[in-house]
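Colleague: If you want the building blocks of each chain, they are given just below.
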Amino acid sequence: MEFPEELKYTEEHEWVLVEDELAVIGITDFAQDALGDVVFVELPEVGTVLEAGKAFGVVESVKAVSDIYAPISGTVEEINDDLVEAPEIINTSPYEDGWMIKIRMADVSDADALMDAEAYQALIEEES
Amino acid sequence: MKKTPLNQVHRELGARMVDFGGWDMPVQYSGVIEEHLAVRQAAGLFDVSHMGEIEVTGADALAFIQHLTINDAVKLVDGQIQYSAFCYPEGGVVDDVTLYRFNESHFLFCVNASNTDKDFAWMQQVLAESAMNDVTLNNRSSEFAQLALQGPKSEEILAALTNVVLADIVYYHFCEGVVADVKMIISRTGYTGEEGFELYLPATAAVKVWQQLLVAGVPHGLLPIGLGARDTLRLEKGYALYGHELSENISPLEAGLAWITKLDKPDFVGKAALLAQKNHGIPRRRVGLVMQERGIPREGYPVFDGDREVGVVTSGTMSPTLKVGIALALVEPAAAGVDSELQVAIRNRRMSAKVVRTPFVK
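Residue numbers (my numbering), protein chains in the order written: chain C, 1 to 128; chain Z, 1001 to 1362.
If you're looking for bench data, these hints aren't it; they were derived computationally from the structure. Beta carbons are placed, not taken as given, at the ideal position from N, Cα and C, and that holds for glycine. Some hints here could point you the wrong way.
[Stated by the list, open to error] Pairs of lysine to any residue, SDA-like flavour, derived with a Cα cap of 20 Å:
1) Z:Lys1323 <-> C:Ile89
2) Z:Lys1323 <-> C:Asn91
3) Z:Lys1354 <-> Z:Asp1307
4) Z:Lys1262 <-> Z:Val1074
[Said to hold, decoys possible] Listed next, with one range per pair, are the computed distances between beta-carbon atoms:
5) Z:Gly1306 <-> C:Arg104: 36 to 44 Å
6) C:Met1 <-> Z:Gln1125: 51 to 59 Å
7) C:Glu96 <-> Z:Lys1118: 46 to 54 Å
8) C:Val58 <-> Z:Gln1292: 15 to 23 Å
9) C:Val58 <-> Z:Asp1024: 23 to 31 Å
10) Z:Lys1278 <-> C:Met1: 50 to 58 Å
11) Z:Ala1258 <-> C:Val84: 39 to 47 Å
12) C:Met1 <-> Z:Lys1118: 17 to 25 Å
13) C:Glu21 <-> Z:Asn1249: 49 to 57 Å
14) C:Ile124 <-> Z:Val1361: 34 to 42 Å
15) Z:Val1324 <-> C:Asp112: 16 to 24 Å
16) C:Ala111 <-> Z:Asp1024: 49 to 57 Å
Model the full assembly from the supplied sequences, consistent with the hints where possible.
Modeller: Dropping the structure here:
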């Protein structure tokens, strides 16, 4: 199980990579493993305003539908179109090719409040 | 939770376990899609030991079975199997079952794992209320383990472990024979729609036979298969699952099982209600739906015909073979015509779907 150091994490198993005023968002290795084969992803349209803590999309495995929650507030700038044809990328590359959306952060310091890799890993180990 | 004899083996294979009707069962090993495709293209091995086996013996066994079930068991010969069901007097389904005839006074039902106790109690009740004397019911579920070996390579794999001439066992027939030095029932049946066998063996021999089948089968591409793929496989073939397409509130006529409902048989439990339903018009119909837009239909999602809500999805998934959303649904008869264009409500959107004949995958 991987926990890249440069990312921030949430209890709902999303990750955030801050690139200046943009935040790249996806789901973690733990999340994709728990889901099993991902067969469908529903992402918001560019321009959608996201509110921290609210569901912004859905990731579906063969058997189940899971909400994805916005880790921080912002406006959707870009979505990963590759996931439409090949949702399984989330399983094989959750932190890189499996990125879901990029948002323009409402407040660039919001990401600081999220967990770092060590804290997230501790959370996972507690849950297991 | 209840465990099959193979519980530890599943855990050692790295299976993700789940509570299935009170049983600790593997839902997947390597992944649902990989397992599903292995069964369609090579072979898969399933532990289905949680299923129930209920024996019916005695001079009145056949007469009792004719009264208890909706299909016509009189037609069976020794070594033949029949898909059937028990119904309530109101016409709803107690369980769907397979019936094995050993001889005219010896039969075995294979029943759903989640219904075994209910079915046995029901059979005892029906027997007590009948005038039949020479019938003995025996719930032998704990004595049996059951394995399913399914897929195009299944016969080749099984042949390596037995001298039984498997080609002599035709579809929906069985024999008793020795496999991996264990005496068992070898049945040419299955829930995947592929070539394959179901093996009924002593619970004490389950681990040994499983291991030997894996060793014989892995070179052919055999994988262990969990309940996740078991569900996607049966759904692609349009097979009913109790609790979804069948229930105490859904009759076999509504569920598309008129073909096993023999209304010209002498009286059986539920006959009057089913005859009335047929004469007054069957209120709902089972249909197959294929999504025409990207989205996955799921159990419980409403089905619409324009503004009118016409039914509900009873089972749905992303088909691993077709790579499109498929579903079985129960809808009003007017919406049930093949090629009808309906909509499935998926979260807050109505997504278009088309009624198709099943199986979805031939």
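Colleague: For Ala1258 (chain Z) and Val84 (chain C), compare the CB-CB distance with the range 39 to 47 Å and indicate the outcome.
Modeller: holds (41 Å)
Colleague: Does the beta carbon distance between Glu96 (chain C) and Lys1118 (chain Z) stay inside 46 to 54 Å, or does it fall outside?
Modeller: holds (50 Å)
Colleague: Per the hint of 15 to 23 Å, is the separation of the Cβ atoms of Val58 (chain C) and Gln1292 (chain Z) within bounds?
Modeller: holds (19 Å)
Colleague: CB of Ile124 (chain C) to CB of Val1361 (chain Z), is that within 34 to 42 Å?
Modeller: Holds, since Ile124 (chain C) and Val1361 (chain Z) (Cβ atoms, about 38 Å apart) stay within the stated range.
Colleague: Per the hint of 50 to 58 Å, is the separation of the Cβ atoms of Lys1278 (chain Z) and Met1 (chain C) within bounds?
Modeller: holds (57 Å)
Colleague: Is the distance from the Cβ of Val1324 (chain Z) to the Cβ of Asp112 (chain C) consistent with 16 to 24 Å?
Modeller: violated (43 Å)
Colleague: For the pair supplied as a hint, Lys1354 (chain Z) and Asp1307 (chain Z), confirm whether the alpha-carbon distance does not exceed 20 Å.
Modeller: The given pair, whose Cα atoms are some 16 Å apart, holds under the 20 Å limit.
Colleague: With respect to the beta-carbon atoms only, verify the hint that Glu21 (chain C) and Asn1249 (chain Z) lie 49 to 57 Å apart.
Modeller: holds (56 Å)
Colleague: Given the range 23 to 31 Å, decide if the beta-carbon distance of Val58 (chain C) to Asp1024 (chain Z) lies inside it.
Modeller: holds (29 Å)
Colleague: Tell me if the straight-line CA distance from Lys1323 (chain Z) to Asn91 (chain C) falls inside 20 Å.
Modeller: holds (17 Å)
Colleague: I want to verify a distance hint. Is the separation of the beta carbons of Met1 (chain C) and Lys1118 (chain Z) within 17 to 25 Å?
Modeller: violated (42 Å)
Colleague: Given a hint of 36 to 44 Å, does the C-beta separation of Gly1306 (chain Z) and Arg104 (chain C) actually sit inside it?
Modeller: About 40 Å separates the Cβ atoms of Gly1306 (chain Z) and Arg104 (chain C), which means 36 to 44 Å holds.
Of the numbered hints listed earlier, those contradicted by the structure are 12, 15 and 16.
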